[in-house]
Each structure stands twice: as structure tokens, then as C-alpha cells.
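**Student:** Construct the entire structure; sequences and hints are all you get.
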Amino acid sequence: MGNIRNPRAGCALHGALATLEAIEGVVPIVQANAGCAMQHALAYRDRGGYTVAQTVPSSNIIDKQVIFGGGSRLREQIKNTVKVMDGRLYVVVGSCECAMVGDDLIGMAREAAEQGLQVIGSNIAGFHGDIHRGYTRVFLDLIDALPELETVRGLREKGGERPLVNLFGLFPGGDPYYKGDLEELRRILEAIGLRVNSFFGPGGHAALRTLSDAALNLVFSRWGETIAARLEKKYGTPQLIFDAAPLGIEEVSLFAQALVERLDLDATGAERFLEREEVLAEYFLLGAANRYFDEGAGKRAAIVGDSETVLRIGGFLSRFAAVDIRTAIYTDCGEEDALPVDFGGAAHATGDGGEIADLLCGSGADLIFASSLETEVARELGVPLLTVSHPVHDRMIGDRTYAGLRGAVALGADYLTLARQGRRAAAEKLARKLAAG
Amino acid sequence: MAFHEGKSAPTREKRSGTISHYHGTLSSLIGDTAGEEIPQRVRTFTQAARDDILSAFAVLRGIRDTAIVVHGAAGCAAASIALAEAHGARWYSVNLSERDSILGGEAPLRETILRAIGEGAAAVFVVGTPVVAINNDDVSAVLQELSDETSVPILHVNTDGFRSKSPLTGCDIAFHALLRLAEEPGGGKERGDFLNLLAVNENARNLAAVAAMLEALGVAWNFLPRFSSPAHIRKAGRARATVSLNRDESEYFGLGLEAAFDVPYPQLPAPIGLEATRRFIAGLGGIFDAADAADIYARQQEDALRDVLAARPLAGKRVFLQVDVAQVEGFGALVRDLGGEVAGVALGSVDLNNRAHLARLEAAGEIPALVAVGQPFEVANVLARTGADYYVGPEQVAFAARFGARPVSLHDALYYGFEGIRAFAGALSRPVPGFRERVREVYSENWLKKNGAWHVKREVR
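Here the protein sequences come in this chain order: A and B. The numbering of the first sequence is this note's numbering, which starts it at 251 and goes up by one. The numbering of the second sequence is this note's numbering, which starts it at 26 and goes up by one.
Calculated directly from the structure, the hints in this document are not laboratory data. Here the structure is a predicted model, which means the values were calculated and not measured. Quick reminder that beta carbons are idealized off the backbone N, C-alpha and C, glycines included. Do not take every clue at face value.
[Said to hold, decoys possible] One-sided excerpt, in silico: chain A residues whose CB lies under 8 Å from chain B:
no., residue
1, V280
2, D313
3, G376
[What the hints assert, rightly or not] Derived coverage of chain A by chain B (criterion: at least 3 residues anywhere in the stretch with Cβ under 8 Å from a Cβ of chain B; other residues may be distant):
no., stretch
4, 377–386
5, 447–461
**Tutor:** Set out below in C-alpha cells:
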């Protein structure tokens, strides 16, 4: 694995927590020392777009429980969490300590469920990997354990006029813009005649209860593939896998077409929606066509993020604005992984802040698309930065999206803003030099 | 052997009988802390809270040209995303895997330290985590071996995340390591005419206000450990005196400097509110033979505040305070200076050394008092049951709006010194956002109506 300078991605427990906290009605219960969940709260709190407060129930185990086991402490924590915290489903998650000591948190969760409480367990530990693995793992555990709860059994909603699709692969921690991105995908999917379970946000718990009813699972990153495979095995739900969420009219058209064919949807309705969206996108984007040619097209860029982010945003920039992606840095790929795409430049796999800074310094980029952790190196290089990958703490994200059709307009506008900033900075530098003689 | 000479600092529970839970009134708390020991109570429900590791991070993060090596899994350094400072320490995670947790993490630790030194660290702090404590990694052997190879100080910050319920233990452990960097006077490095000013979690605005006071008295300062470097820590042993801005957090270092290098460590109050600021300035004047200058400065500043105090913005208002014990006296007086009364207090932790502070609050009497480190559900319960017009807390204050109190965040607020009185009064009169009625509640109605000590039992030994 190797050491990391300026770690950016937390651990598997943090990925699980970010996932669970973002599902409305779900309350995580952490079996760990006090600081494990607090590290997560500090890392995510006030980072753009996330929903994290310092209220996570945590057993806060001390040396006594490390030595003699933390089972009885966890039992009382579960029993009282249900009394103190409003929730519809409680998910017990583990930690490195819990795994090393051998606490049976699954048994404890099952014991509570047998008493009629809505509790399940996820045997996760920080050292199982980074946040991406935490998302995958906790979702697999949800899928496996949910049917054991009475409220899920027998309440599955079958049929309905419009087919239901589940969305996987975009999640808090992986995609800082996940709220807006998922809502934009929902808007598109509903417009072409589908119902959508995105799990995160309002109605999250209800989505979990109906996940087995889906006609199709849509996967937007490698981190959703195992989840979809598990659902296919368990419920026979087919899947459609994409490397990244669609961004821009061409990508969205292909995406919609694939769904129309796969689910036998009304093609005319989808076409009408896309035609109107294309007109709108042109209205917003091509109004700035002159600026693209004056100062925006063909810029050299470097992009840093997880594979989904790099493929989506890098792909759009190179297609739409003819941006020359000189350096693509994938932060969620290990040494053993094949690098997805190099965009004709250089591709690297690293999440190490030092290596990333060195690569950016050598990239020759005019613009940087990365996380807030790259602020310092961007400043040193005098190159404008747009924060597109986790963590983002220089801006509040709200419903901003860089996915679908509205995301293309937003990214196009942000790209031009960035290009203008870069041009102005360069012009000022030149002017200072000329004035100095 | 003095307490700072051992391998690591003892827990706060051992050193000063710290409690991390209390639910009662201020007068009952004063009664409970009057004896030789404070009864320990145990929660049966808890929320995530800061531990010794996070407190150690808070102490170390502001020391530039150094490296913090977190000896644990990647998540054990996740807080660096929030805590890293542009001009502070550089952060490294050893990034231990499940395999390392079985076979030991000494080799990756060694590699990480060498990398940090190779990338220019002038001192390296190796911060311990639960994984290496449970696995019993031999960190000392690695550090000893590397110390033979390099002149860069490598210091073990022996935290583990579970030995103490008081996060302040982590401050002590980190300061224990820093004491080893300090140099004795002598050898051409004689005692200097400057003040060590200890600051851990103070924001830059408050430190600037304190610096302005020192400047007015002509006192040179050495801020530690925020905004410092190894050179600032080395010279700490040669200061005229040491003063803590928040004694709860930094007294270990002050006591250590006093014991090891004879640097006096007078008890001055945190400069919050009129009276405490007056005493703070007078204390500094006494140390640096500038009593007259201190007196003149204090009078001038007080005169300039007459309009603020005369306005009494808190007249008829009840204020709930969530602050550290070292600050509660000052904030209590500040609330009264501005015409209000204290409706209740939630303190970070309380120990036997805090008796004098608490005694000075006795006049407040039968108001609710909590010791609720990192447990917002307990504060929510008290606010729901007793109400308040204002809630003053360190951060994450929006929840108070749900209970009808105006939230006042101290997160980036100025409240130190005379300047802080005006700024605090201004914060009270800021308009309240329209969304305050819509702040989401995460607690059950049942809990908000229950007795706030329902989930607590007495510790059995």
C-alpha cells in the first residue's frame, strides 16, 4: 500500500459512514474508540456538499473493552441508540480495533433484530481499504442483511407502470457533487419514463426497501459493479455498466438510447425530451462560443480525482472544449489496476499528495481540475484550479452538478471562467514584466 | 521523578481526576469536586467525540517545518483534511494494511519517517493509534534505530485512542514530546526577555487580539505551539515566563517548562470579559515590570468600551454557555457585563485543578451544569427542557435554533481582550437567518423529554 502524504480518502469505515449518513432514515452505530468516527466527521464536515454532523452514535470503547471485548458495551449502545436517535434503520459498523479484538458485532446486531429492532451489522474495518471500498462493502452488507428485517420482507413493491432503476457508483466521498449529480440523473431518467432509486437524499430508506424491485441496476463507476453483481445473483436484476456518469448531450443521448432499448421504453418521448434539452444546452453554452475561440479552446489541463470523476470530466472537456489533458491522475487506482484512459497525455495512479504535486508541477497545465488539496500547488504554479474531486472545501456545492445536461452547462461555464482567470493572470504577469522594462 | 520525565504523559484521569460526564447543577458540581476525588460516571449511550489522538493533532499541526507521521491505517489521519494548515506541519499516514496489523507496522513506519526527513522535516512527530497499540508495535526500537542515523529529532507521541476518556490527555502527550525539544538556558543561550504564550485551539483573530495587548505593553512573545517552529519550541526554556490562554489544554507544557527550566508559570485567567482581561493585562504588567503601562492601557480600552457596556445587549436574556472550564469564568462575567444571566453551562471536562474556577462561579447557583465532552445529545436535552435565549458554543451550533435559542458560534469569533468584548456584543445582535425554524432534528422526542442522566451509571471498580 505504501505511505501517503496529505491523505485524501479516509478509510473503509469512513466510506461506510459517509454512505450511511447520506441515506435518509438510516443511523449508523460505530463500534470503535471515540476518535474513529470523529476523524470522519472532521474530514467531511463542512466539506462542500456533505451531510455530516458530530452526532454519530459511537460506543467510544476504552482500554477495558479492548482487553476484555466490547460486546456488552455494544449491546447497551445499540439498545439506547434506538431510544435517543430518530431513525428507521440502524446499521452497526465496525473498526480496526473491533476487528482486531474480535467483537461479534453481527451477532449483536442480530440479537437486537430478534427483539424487533431495525438493526443490521456491517463487519467493516478501516484497514480494509479507502472510502470507495467502504461504500461497496457497506452496500453489499445492506443488501445481504436487509431481507432479515421484517419490514423489508413482504413489503416489496412489484410491478408498476414505469420501470424502476437503481443507481450505483456515485456516492459521498467518491463524488463531492453526488447530490446534484444524482438529482440530474433522476431528472433525465424520469423524463424518459423511469422511476429512480438513488438511495441518497430524501426517501433514502424507502429506496432501500424497494431495491429488489428494480428492473435494471445502473452502475456509474467501478465501485458499483460488485453491488450490481450481488443484486443480479440475489434477485436476478440485470445491470447496465458505465465507466462514469454521462455528461453532455452526446453522452446523455447514448445513455438514454441504451435504456430505451434495454427496457423497451417509449422512444418518441425520450427523443422529444432530448431535443428540447439539446436546444436548451445550445442556448446556454453556445452563447459563449466566441469566448471559447477567443480564450478557451485547446487549453492544456491536468485532472486529479477518482476514476469516475476523471473519466467523466476529463472526457467532456476534451470532447467539448478540445482541452488537451496532459496529465490524468487517478486517485482510486492501485498499482495492480490498469489505468482507464490517458486522453493522449500521461496517466498516473496515486493518491499521494506529494507525488500529485510533483506530477502537476511537471504537467505544463494551464488549468487544473482537482481537489482542494491541490490549492497550494496550483497557487505556487500560478494556475487556476477548479475543485471537482474529493475533498472540496473552497465552495459550498448545494445542488450544483457536473453530470447530465445541466452539468455540462455548469462545467462549460466554470471552464470558461477558469480559462479567463488564467488568461488574466498571465496578462498581468506580462504587463508587470513590460512595465519593469 | 517529575511527571514530564516518564515515557509518556499519564492520563488526565490519573493525573488530576478528570471526569468526562456530569449532569446536575453548578452548585452540585462544585460540591462533587470539593473532595479528594470526583466520582466517575459512565454513559451507556455515546456519540463520536474527540480522543487523545485528535487533541495531539491540534497541538502539533501548527508547527511549521515539521512532519506529523500518523502510525495507523489511512483513516487515522483523515482529520488532516480539516486540520492541516498552510504554514503548519506536513502530514503523512503510514497507511497500515490489515496485513500490517497482523505482522507489525515497524517497517512501513521506518520508511515513512525516512521519507518525511528526506522531504525536509526539521522534526518528526510519530503519533500512535489504536491499531499499533493493540498490535504492540515496537515504535521505540524504530525511533532509537533511526535516531542513530539522523540528527533530526524523532519524537514519539504515544497516543492510542482508548486509554483515556478525556481528549485533553492527548494535549499532555503531545506536549510531553515537545518538552524534549526545549533547550536549557546557558551555553551562550541565556534567558530571554520574552513571554511563552501557549495557544492550541485559539483562532488567529483571538491571537491577534492578544498580540495587540502584548505590543501595547512592549512585551515580546513566543506563540507556542500554534504559528511556531522547532526553533520557537527550543527557545521556550529560556523565556521570562509562560502563560496559557487556555490552561485546560496547555498546562502540561507550562508546568514542564517550570519544572525543567525554571520558567515561571503564573496562573492568569483567559482574557475574556472585562474583569478577566483586566487581570490578564495586570498579570503581564507584573511579570514584565510594566504595571503602570498595563494600568493605563486597560483604562484606555475600558473607556473606549463604555458605549457597548451601556447598551446592555443581553438585558433580560438567558445565555447557555458551552465552553472549556478555563473560559467559563470569563464568559460568565462577559454575559453579566452585557446585562444577561447564565442559563446553564456545558463544560468540556472537569478535574480537581478546576475547583478554584468553579468556586468563583458559585453565585450562579442552581443553573444546569453538564460535563459533556463531544456529546451534543446531552446539551440538546438540557436546552429542550430548560430553554435559553442564546446558546454560545464552540462550533456546530445550529441545532440550538431548534430549541428557540439564538446560536452564537465561537468557531471563528473574536472574544479575547477588550476588542473581543465589542466583537462578542456585535455577534449577539447579528440577524438570525430565516431558516432557523427548519433546522433538522436528529433526536427522538422521547429523549428530549427524558431526564438527561437516564443513560448514565456510576463507575464500578
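**Student:** Hint numbers the structure violates, sorted upward?
**Tutor:** 5
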